[in-house]
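Enquirer: Chains as they are written, first to last, in the numbering used here: chain A, 1 to 527; chain B, 1 to 527.
FYI, nobody ran anything at the bench for these hints, they're computed from the structure.
In this text the structure is predicted, and so the values were computed from the model without any measurement.
Do not rely on the hints blindly, as some may be mistaken.
Pulled from the structure, derived: some chain A residues nowhere near chain B, Cβ distances all over 12 Å [as the list claims (entries may be wrong)]:
#, residue
1, E180
2, L242
3, A249
4, N250
5, D259
6, G291
7, K501
8, S503
With a Cα cut of at most 20 Å, we get these calculated DMTMM-like pairs of lysine to aspartate or glutamate [as the list claims (entries may be wrong)]:
#, chain 1, residue 1, chain 2, residue 2
9, A, K198, A, D213
10, B, K40, A, D29
11, A, K18, B, D85
12, B, K427, A, D269
13, B, K232, B, E214
14, A, K435, B, D258
15, B, K18, A, D71
16, B, K40, A, E446
17, B, K469, B, E493
18, A, K435, B, E446
19, B, K188, B, D223
20, A, K427, B, D396
21, B, K500, B, D396
22, B, K18, B, D29
23, A, K427, A, D488
24, A, K433, B, E268
Short derived list, chain A residues pointing at chain B, Cβ under 7 Å [stated by the list, open to error]:
#, residue
25, T17
26, S21
27, K40
28, P50
29, V51
30, L54
31, A95
32, F139
33, D140
34, D269
35, V273
36, G340
37, S393
38, V395
39, K412
40, R419
Every residue, glycine too, gets a C-beta built ideally from N, C-alpha and C.
Number of protein chains: 2
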Amino acid sequence: MAPKGKNSFTLKTPKGTKDWSGPDALLRDNIFSTITNVFKRHGGMALDTPVFELREILAGKYGEDSKLIYDLQDQGGEICSLRYDLTVPFARWLAMNPDVRNIKRYHLAKVYRRDQPAMTKGRMREFYQCDFDIAGAKFDPMVADSEVLKIVTEVFEDLGWKGKYTIKVNHRKILDGLFEVCGVPQDKIRTISSAVDKLDKLTWEDVRKEMVDEKGLDGAVADSIQTYVVRKGGRDLLESLLTDEKLTANASAKAGLDDMALLLEYLEDFGVVDKISFDMSLARGLDYYTGLIYEVITEGSAPATATSAPEAQALQRSSKKDKKVDPDEDRSNDPSVGVGSVAAGGRYDDLVGMFSPKAQIPCVGVSFGVDRIFSITKARMQRESNANALRSSEVDVYVMAFGGKGFTGLLKERMQICRSLWEAGIKAEFSYKVKPKLPAQFKAAETNGIPFAVILGEDELAAGQVRVKEMGLPDGHPEKEGVLVDVDSLTTEIKQRLEKKASGADAPAEAPVDEPADLAQKVKDLL
Amino acid sequence: MAPKGKNSFTLKTPKGTKDWSGPDALLRDNIFSTITNVFKRHGGMALDTPVFELREILAGKYGEDSKLIYDLQDQGGEICSLRYDLTVPFARWLAMNPDVRNIKRYHLAKVYRRDQPAMTKGRMREFYQCDFDIAGAKFDPMVADSEVLKIVTEVFEDLGWKGKYTIKVNHRKILDGLFEVCGVPQDKIRTISSAVDKLDKLTWEDVRKEMVDEKGLDGAVADSIQTYVVRKGGRDLLESLLTDEKLTANASAKAGLDDMALLLEYLEDFGVVDKISFDMSLARGLDYYTGLIYEVITEGSAPATATSAPEAQALQRSSKKDKKVDPDEDRSNDPSVGVGSVAAGGRYDDLVGMFSPKAQIPCVGVSFGVDRIFSITKARMQRESNANALRSSEVDVYVMAFGGKGFTGLLKERMQICRSLWEAGIKAEFSYKVKPKLPAQFKAAETNGIPFAVILGEDELAAGQVRVKEMGLPDGHPEKEGVLVDVDSLTTEIKQRLEKKASGADAPAEAPVDEPADLAQKVKDLL
Chain A
1 MAPKGKNSFT LKTPKGTKDW SGPDALLRDN IFSTITNVFK RHGGMALDTP
51 VFELREILAG KYGEDSKLIY DLQDQGGEIC SLRYDLTVPF ARWLAMNPDV
101 RNIKRYHLAK VYRRDQPAMT KGRMREFYQC DFDIAGAKFD PMVADSEVLK
151 IVTEVFEDLG WKGKYTIKVN HRKILDGLFE VCGVPQDKIR TISSAVDKLD
201 KLTWEDVRKE MVDEKGLDGA VADSIQTYVV RKGGRDLLES LLTDEKLTAN
251 ASAKAGLDDM ALLLEYLEDF GVVDKISFDM SLARGLDYYT GLIYEVITEG
301 SAPATATSAP EAQALQRSSK KDKKVDPDED RSNDPSVGVG SVAAGGRYDD
351 LVGMFSPKAQ IPCVGVSFGV DRIFSITKAR MQRESNANAL RSSEVDVYVM
401 AFGGKGFTGL LKERMQICRS LWEAGIKAEF SYKVKPKLPA QFKAAETNGI
451 PFAVILGEDE LAAGQVRVKE MGLPDGHPEK EGVLVDVDSL TTEIKQRLEK
501 KASGADAPAE APVDEPADLA QKVKDLL
Chain B
1 MAPKGKNSFT LKTPKGTKDW SGPDALLRDN IFSTITNVFK RHGGMALDTP
51 VFELREILAG KYGEDSKLIY DLQDQGGEIC SLRYDLTVPF ARWLAMNPDV
101 RNIKRYHLAK VYRRDQPAMT KGRMREFYQC DFDIAGAKFD PMVADSEVLK
151 IVTEVFEDLG WKGKYTIKVN HRKILDGLFE VCGVPQDKIR TISSAVDKLD
201 KLTWEDVRKE MVDEKGLDGA VADSIQTYVV RKGGRDLLES LLTDEKLTAN
251 ASAKAGLDDM ALLLEYLEDF GVVDKISFDM SLARGLDYYT GLIYEVITEG
301 SAPATATSAP EAQALQRSSK KDKKVDPDED RSNDPSVGVG SVAAGGRYDD
351 LVGMFSPKAQ IPCVGVSFGV DRIFSITKAR MQRESNANAL RSSEVDVYVM
401 AFGGKGFTGL LKERMQICRS LWEAGIKAEF SYKVKPKLPA QFKAAETNGI
451 PFAVILGEDE LAAGQVRVKE MGLPDGHPEK EGVLVDVDSL TTEIKQRLEK
501 KASGADAPAE APVDEPADLA QKVKDLL
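Make the full structure from the sequences, and use the hints.
Expert: Okay, structure coming up:
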């Protein structure tokens, strides 16, 4: 057995991981339910896979990133690794279940990457992904793809990011086609594609340098690529590309452009075409995409120099705390700036077939980066509200007691009142002391931001009554000292008051500054 | 990079793990929310810790079971292991957060044990635990302990297990005291205790044999232990023990008995004393318990010979499929029978102090074994309902189209109708084919047990109308063919019909046999 040495522990979580608790955990749970509700609205089935897979399942799926996979130790038996994403386990599940030939599935779970962490920007070694994917062999082109993008907009609308996000889209076949047209040798297409993908962080000059100096591309070919990849737009860009005879003569590019035309039409029907930016520099790193690709960016995603959004500034401050920032310094090359995309995905028609040649099921899907969404949402809440008073739990009622000389503490009575509240579905707590002091009980209620106190006194109890007090009422409010309520009607009374409070019917014109904020309500207001 | 060989994969999940999907995943999610709601009602704060911990954090906490811990491979950097339970990470978190001195926290997450799996009984290598713990230094005795047991009853009541479970309780101090009183040598107390703990599976004769033959205990001492550990009861047992002068003269036993008296009093106030069985054979394996201990058993927990409950029989059948069972065979010694306890816990006052001598925070908590609860609930549902029709997702409406010669498929109209349903919060789906066939659309709706179809036809649409049809209505029902509804009032109409259906106002006296069952409703009815 290992030694029990009392002081030999390093009290920390492993590098790149963290504990989630209190208001942060509550806010993140709210984000999870918002996303899950959208997924369910679109008919998603929940899938839960093991946190580790046989190592051979993951092998050969992630290109260079395979070195970031966490392996389990060989303790005799199977060789396993922690999952790197949720897409490969989904493809493995599809290959294992040949009776499932079309499915919409969602999966919210942690994934693992042995990467250099940057915690303040939501870049961690253990982090959550929320995935929605549609698999099906006999669908007509771009219909499911359009629904996935509709889902993306619903998630961000439901999160309250109205107008604060853009979905960049592109198509692997257009990219492959334009590289061919420009004269990129076949064996350089992938590496040139990944250079192009850096255009959201680097200038064209830097990217060109990488192509020509590092990757040996002909300068004229690079210049020809430039005429395409710096372009972004909507239907206008598509129409202009469709008149480009060199491009449309290429079969791959033509197929991609036709898909894109269909997509824009369907997104019109879904009413979300204004959220889309057709961005020819978007390439995405993963090997397995075969068609449409997309990435959602928001104010905090881009390098801070490209935006004056407060999010970006806040995030930037927190990650560069002790560094003097030169406003003229070009930091677009600074990897410490920007949280990156908040959601991304695309079509991957060949991945399932890698597991089982008989199971060629085309798929399209999206993955939401909840930790990044959390960072941005929290920064926004901190600007807009008093973040110090955020709650850790959602208790409605604190049951307390007071009395003069000979005060017994009324423990059993507090327990009985709590019991009746719990059994009526009301969230309640009480002090675990036999004779708690009144100020300590009030402090506990205030610290947790609990909206109501039920106060037990011996005289009132003898008359079958207790006092119900709404916490944080301003001086002079007629109910500042609470109201007496019959014990028999207590749960009904509390339920009515909670409903009234939730609907905001009784909200004071201006909340007094010392009133603890109600996170659940704030989140509702903000999201 | 690993080879991409197409046929070299073993398509399976690692040993002792499984995928969760479809109706099983939905039922398990329902169980999770039931449990989480109880935890929140009692003021629980959500805590989420990393799936792996520094190995030294786990070392020396689990006694002999430490060999079951999964280790991560040393890939350079820190040495980590997968968590074995949620209690040690909670204690580590408490020790790391010295400002938190009293807290109620809950945690639903997977834990990992390299044990011999027995999947059909919910014994797996990766499985969920749902934990609620109360930590606090200055609480009065047994108040928090009582609330934890109250929580246990609320969880099983809310799961619909009315009267089908028993909470066995005992106290480590009583056990330690009685072993002293009976003359067990100090160095044998732990091993004798673990022998006693097997009395739920073995006969006294077998346990005595283990004590005397294997563990070298004096036979007379064993016999003296027997006079205590075979006893179970309630207040009667407590009162009889309190008159046992030998026992009450032992300081440890006396302290335990006093706690137990207080506990029974408080549980009376919480109205749950009838769910408790004071069982002197309960010892619990883990090292870290220091006071009250408990374990929840149900019909499937015990060896099947001890009960004729259909659960136990069903579970037994599934685990012994191919074995002829001899009805006279004593299988109480057969470890393949019974799912074991469905929840367990106790008081552990010294665990946090093992991480930080300054942080001596007493704790008490409980852990629910969701996979076992799932197995039992599912077996019950399969007996009580048509399990074949259980749903995989919760879609409310399938939007379909039909038409005669020259039918265009009405794809864009189906998309627009879906859009308006989604934006009204209604769960809806449609076919991804441009020109889907009507029978295929009906089949998709039926297979998924979707309650309503919205049917688009060109003529009706021209008149601004669509047909709303409730699925599975019996022949002769006035609305069997659906009703025409204005497109403008479609979402309102659907919402009203969904509410009506949920409230059961329109339920036919006898559901037609071919109507797909609604799991959500079934779960609600059963839980």
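Enquirer: Indicate, hint by hint, whether the structure satisfies it.
Expert: A quick look at each hint next to the structure:
Separation of E180 (chain A) from chain B is adequate, the least Cβ-Cβ distance of about 24 Å exceeding the 12 Å criterion. Listed as a non-interface residue, L242 (chain A) keeps its Cβ farther than 12 Å from every Cβ of chain B; the least gap is roughly 21 Å. With a least CB separation of 27 Å from chain B, A249 (chain A) remains clear of the 12 Å interface cut-off, as annotated. At roughly 26 Å, the least C-beta separation between N250 (chain A) and chain B is larger than 12 Å, which holds for a residue marked as non-interface.
Under the 12 Å C-beta cut-off, the non-interface status given to D259 (chain A) relative to chain B holds; the minimum distance is some 14 Å. Taking the minimum C-beta to C-beta distance to chain B, about 14 Å, the non-interface status of G291 (chain A) holds against the 12 Å cut. No beta-carbon of chain B comes within 12 Å of the beta-carbon of K501 (chain A); the shortest separation is about 17 Å. Distance check on S503 (chain A): its Cβ is at least 18 Å (rounded) from any Cβ of chain B, clearing the 12 Å threshold; non-interface status holds.
With a CA separation close to 16 Å, the supplied pair K198 (chain A) and D213 (chain A) stays within the 20 Å bound. A hinted pair counts as satisfied when its Cα atoms are at most 20 Å apart, and K40 (chain B) with D29 (chain A) qualifies at roughly 13 Å. For the hint linking K18 (chain A) to D85 (chain B), the alpha-carbon distance of about 17 Å falls within 20 Å, and the restraint holds. A distance of roughly 18 Å separates the Cα atoms of K427 (chain B) and D269 (chain A); the hinted pair therefore holds under the 20 Å criterion.
Simply put, K232 (chain B) and E214 (chain B) have alpha-carbon atoms about 26 Å apart, too far for the 20 Å limit, and the pair is violated. With a CA separation close to 19 Å, the supplied pair K435 (chain A) and D258 (chain B) stays within the 20 Å bound. For the proposed pair K18 (chain B) and D71 (chain A), the alpha carbon gap of about 19 Å is at most 20 Å, so the pair holds. For a cut-off of 20 Å, the pair hint linking K40 (chain B) to E446 (chain A) stands: about 18 Å separates their Cα positions.
Restraint check for K469 (chain B) and E493 (chain B): satisfied, since their Cα atoms lie roughly 11 Å apart, inside the 20 Å limit. The hinted pair formed by K435 (chain A) and E446 (chain B) fails the criterion: a straight-line CA distance of about 61 Å is larger than 20 Å. Note on K188 (chain B) and D223 (chain B): the hinted pairing holds, with a Cα-Cα distance of about 16 Å set against a maximum of 20 Å. Annotation: proposed proximity of K427 (chain A) to D396 (chain B) is violated, straight-line Cα distance about 31 Å (limit 20 Å).
Simply put, K500 (chain B) and D396 (chain B) have alpha-carbon atoms about 13 Å apart, close enough for the 20 Å limit, and the pair holds. Between K18 (chain B) and D29 (chain B) the alpha-carbon distance is near 16 Å, which keeps this suggested pair within the 20 Å criterion. Restraint check: the Cα-Cα separation between K427 (chain A) and D488 (chain A) comes to about 18 Å, which is no more than 20 Å; the hinted pair holds. Simply put, K433 (chain A) and E268 (chain B) have alpha-carbon atoms about 18 Å apart, close enough for the 20 Å limit, and the pair holds.
For T17 (chain A), the shortest C-beta to C-beta distance to chain B is roughly 4 Å, which falls under 7 Å, so the interface hint holds. Of the supplied interface hints, the one on S21 (chain A) holds, with its beta-carbon coming within about 5 Å of a beta-carbon of chain B, less than 7 Å. Interface hint at K40 (chain A): satisfied, since its Cβ lies 6 Å from the closest Cβ of chain B, which is below the 7 Å cut-off. A distance limit of 7 Å between C-beta atoms decides the matter here; for P50 (chain A) the minimum to chain B is near 4 Å, and the interface restraint holds.
The closest approach between the C-beta of V51 (chain A) and any C-beta of chain B is roughly 6 Å, which is under the 7 Å cut-off, so the hint is satisfied. Restraint check, L54 (chain A) versus chain B: the minimum CB separation of about 6 Å is within 7 Å; hint holds. At its closest, the beta carbon of A95 (chain A) sits 6 Å from a beta carbon of chain B; the interface hint therefore holds under the 7 Å criterion. Contact between F139 (chain A) and chain B, as hinted, is supported at the beta carbon level, the nearest pair being about 4 Å apart and thus within 7 Å.
Residue-level restraint check for D140 (chain A) holds (minimum Cβ-Cβ distance to chain B is 4 Å; threshold 7 Å). For the restraint placing D269 (chain A) at the interface with chain B, the shortest Cβ-Cβ distance is roughly 4 Å, inside the 7 Å limit, so the hint holds. The interface hint given for V273 (chain A) is violated, since its Cβ lies 12 Å from the closest Cβ of chain B, which is over the 7 Å cut-off. For G340 (chain A), the interface hint is violated, the least distance from its beta-carbon to any beta-carbon of chain B being 22 Å, above 7 Å.
With its C-beta approaching chain B no nearer than about 5 Å, S393 (chain A) sits inside the 7 Å limit, and its interface hint holds. At its closest, the beta carbon of V395 (chain A) sits 4 Å from a beta carbon of chain B; the interface hint therefore holds under the 7 Å criterion. For K412 (chain A), the interface hint holds, the least distance from its beta-carbon to any beta-carbon of chain B being 5 Å, beneath 7 Å. For R419 (chain A), the interface hint holds, since its Cβ comes within 7 Å of a Cβ in chain B; the closest pair sits about 5 Å apart.
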